[in-house]
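Spelled out, the chains give:
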Amino acid sequence: MDFEDTKEEAKFRSEVRAWLKANAPTKKELKGLGEIEASKLWQKRKYDAGWACIRWPKEYGGRGGTAIEQVIWNQEEVKLATPGGVFAIGQGMAAPTMMTYATEDQKRRYLPKLASGEEIWCQLFSEPAGGSDLAALRTKAEKVGDEWVINGQKIWTSGAHFSDYAILVTRSDPNVPKHQGLTYFFLSMKSPGVTVKPIKQISGGAHFNEVYFSDVRIPDSQRLGAVGQGWQVALTTLMNERASIGAGGGGVGVTQAMKLAQKLEIDGRPALEDRAIRAKLADWYVQESGLKYTGYRSMTALSRGAIPGPENSIGKLVGAPKNQEMAAFCIDLLEEHGAMWDPNVSEAAGLYQLAYMSSPGLRIAGGTDEIMANIIAERVLGLPQDMRADKGLPFNKVPTGVN
Amino acid sequence: MNFEFSEEQNLLREQARGFLAQACSPGLVRKVLNGQETGDNTLAGKIAEMGWNATVIPEKYDGLGLSYFELCVIAEEMGRAVAPTSFSSSVYLATEALLLAGSAKQKSKWLPKLASGEVRGTFAMAEGPGRTTPKSLNTTFARDKVKGVKAPVADAAVADFAVILVKANGGDGASLVLVDMKSQGVTHEPVAMIDPTRDHAAVSFEGASGELLGEKGSGWTLTQKLLNRAAVLFAWEQVGGADAALEQAKNYAMGRYAFGRPIASYQAIKHKLAHMYVKNTLARSNCYYGAWALATSAKELPLAAATARVAAIHAYEFASREDIQTHGGMGFTWEFDCQFHYRRSRLLSVNIGSLGQWQDKLVDAYLSANGASNAA
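Each protein sequence line maps, in turn, to chains A and B.
Position 377 of the first sequence, counting from 1, maps to 376 under numbering that gives the first Met the number 0, and the rest follow consecutively.
Position 292 of the second sequence, counting from 1, maps to 291 under numbering that gives the first Met the number 0, and the rest follow consecutively.
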């Protein structure tokens, strides 16, 4: 047991480092650019040099590399805090779905532009009536000639306001049980009849949107999978979603909390000397460390050309609530001062307050804590699915509520 | 990245699991619990025949000279089987103390016999309620004679020698002393334990002859080093136990029906088991790191050991409590085996220092690894 790269991995890592060192965008280059412009600039540079989407086949704009090479790339790039989050959904979820279900011509048309960052994609899945119970979605798709006509509403769509394309799940037949009546498409976000409305979050940001469809027309050629097979296609997307939403960056970690507890005092002594404070920090350290070494175990499997075990499925369920607890803890350490959320006055320019106000979203996005626990129970431990009141019922006979 | 046990180590795990399924069945644990059998009657001998006592003892002392990875693998399986025997006290503590601080003469005298299983040792630290510190110690060592009472001492009745922590003037305030348990002035009385499958005693030393293990006045420092090493091994036992408790709870939940369906289909139970899995996985991954630090004598050992230990305490405590909860009333009966884990997890949580102590050590180790100078 060791932490060393194999010879090939070490060689790859040093190439990556050298290239990143020579090519990562400087602060000067990025000055004045918005998040999207900055992300596009960097993504195009990686693409042109053959470093974008390491695992994708070359003909679709990737590098034709291995899973472990992608991990090594990520490890090196993350150190540099480069821009690029806007591509996560397109490259991480839309692309694997396109690779599995799109025609060869479509793959050659769309995937390279996803890899180069020229086109940004979003994911039109959740609905007001279909969140954790995603398959309860209602957005209607009707076949008219060679086209489908879409009416309805999506919600929680990250990045819809700056996306060029989207993947979409619709209800094409309400007369059959819910999982059987779904059909999956991709479409241009510029299609007539698509309206995007941002949703303001409790953190003040607006990363999500509502997306409305009013007689939006999609050619049948942009259907992914067979009519009525939308659920199977969506599962491909969701498997990749869970792999790409990690422990949730941008939050509060043990490093910051330890420093804060060293700096602040309780009864004239550093707060870190207080046993109750230490106990909490130790427990969070154990969680961070446990996730880190769980990741190393998965990476070892990849390095050996094996499929990682299910252990990585714990990441979001551990990371998201921990982030919330740690943010609250840091605000508590600050006492009344911690209630102020003003970048000019607050400790760490308001990091703890922002983390606290953002953390409820992390516990919900991409599968709530409860859904993640269900996934571990059912897929990892093999426990039975919950009994469902809608089982076997045609979708239009399923009871609905007022919320 | 090669953060995984080797093929050979995985084979050893399979072999150990198979062996313990035979030699240390739940039936045996129950017999020991009921006082109809002692784990040291037959099981200890069979384990010695397997050579496990000799795992990390160097070949020049007739040991196998294997790495700590192998011992971690064995520890996990001992934990899974809730083995009711004197392995941990003799192998993780007494043998380790000799390897850490023994003179050439002490090593030559004891290690070969420890390797063969002919003798067993134990380690005695606690004296009364609360944390043991150099200041709390009342046991003394003067003119080569030990005076004092230690309790609880694991496996005192079968141990051939004990390494005991005594008060010292000067140095770090304590010394380690090796006492032959057959010497004049050593008496032991069994004490009833929360986990009766592990024998413990109160041991009185009334002027018993002893000899220093390591320098006089270095006992506290040596003990911390010893406990860091033992913590990784105990943590592996805890992880093994935690996984066994999860399996037990899962199997019961799948077969138990309420309101016309398996209770394993209710989210209240599913989430409980999922959270067990989460804690067990965190503990296991931290134990991997602990195993690496122990096996490579890494300078990170204090942090890695504390991290493994804290994670493993949380995992086994949670799993053993929620195992009973999942079983409902039956889990609370003497007839069911849930109590094995409930008892063992509590014993393991305190036997080399409680959760609070290890959380404390973790923060200290973190600060020293990450430059405490930033503190001020």
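Among the hints, a few may not be true.
Cross-link-like lysine-lysine pairs, in silico, DSS-like; alpha carbons within 30 Å at most [what the hints assert, rightly or not]:
#1 B/K224 / A/K258
#2 B/K108 / A/K78
#3 A/K10 / A/K20
#4 A/K291 / B/K298
#5 A/K43 / A/K189
#6 B/K298 / A/K279
#7 B/K108 / B/K215
#8 B/K224 / B/K104
#9 A/K262 / B/K215
#10 A/K279 / B/K134
#11 B/K134 / B/K166
Rather than coming from a laboratory, the hints here were simulated on the basis of the structure.
Quantities reported herein were computed from a predicted structural model and do not represent experimental measurements.
Structure-based check of each hint:
1. Between B/K224 and A/K258 the alpha-carbon distance is near 27 Å, which keeps this suggested pair within the 30 Å criterion.
2. Only pairs whose Cα atoms come within 30 Å are accepted, and B/K108 paired with A/K78 is rejected, the gap being roughly 53 Å.
3. For the hint linking A/K10 to A/K20, the alpha-carbon distance of about 15 Å falls within 30 Å, and the restraint holds.
4. Straight-line distance between C-alpha atoms of A/K291 and B/K298 comes to about 19 Å, which keeps the hinted pair within the 30 Å bound.
5. A distance of roughly 23 Å separates the Cα atoms of A/K43 and A/K189; the hinted pair therefore holds under the 30 Å criterion.
6. Proximity of B/K298 to A/K279 is assessed by CA-CA distance (about 24 Å); at most 30 Å being required, the pair is judged to hold.
7. Between B/K108 and B/K215 the CA atoms are separated by roughly 20 Å; this keeps the pair inside 30 Å, and the hint holds.
8. This hinted pair checks out: B/K224 and B/K104 have alpha carbons roughly 21 Å apart, not beyond 30 Å.
9. The straight-line distance between the Cα atoms of A/K262 and B/K215 is roughly 39 Å, outside the 30 Å bound, and the hint therefore fails.
10. With a C-alpha separation of about 27 Å, the suggested pairing of A/K279 with B/K134 holds against the 30 Å cut-off.
11. Pair hint B/K134 plus B/K166 holds up; C-alpha atoms about 8 Å apart against a cutoff of 30 Å.
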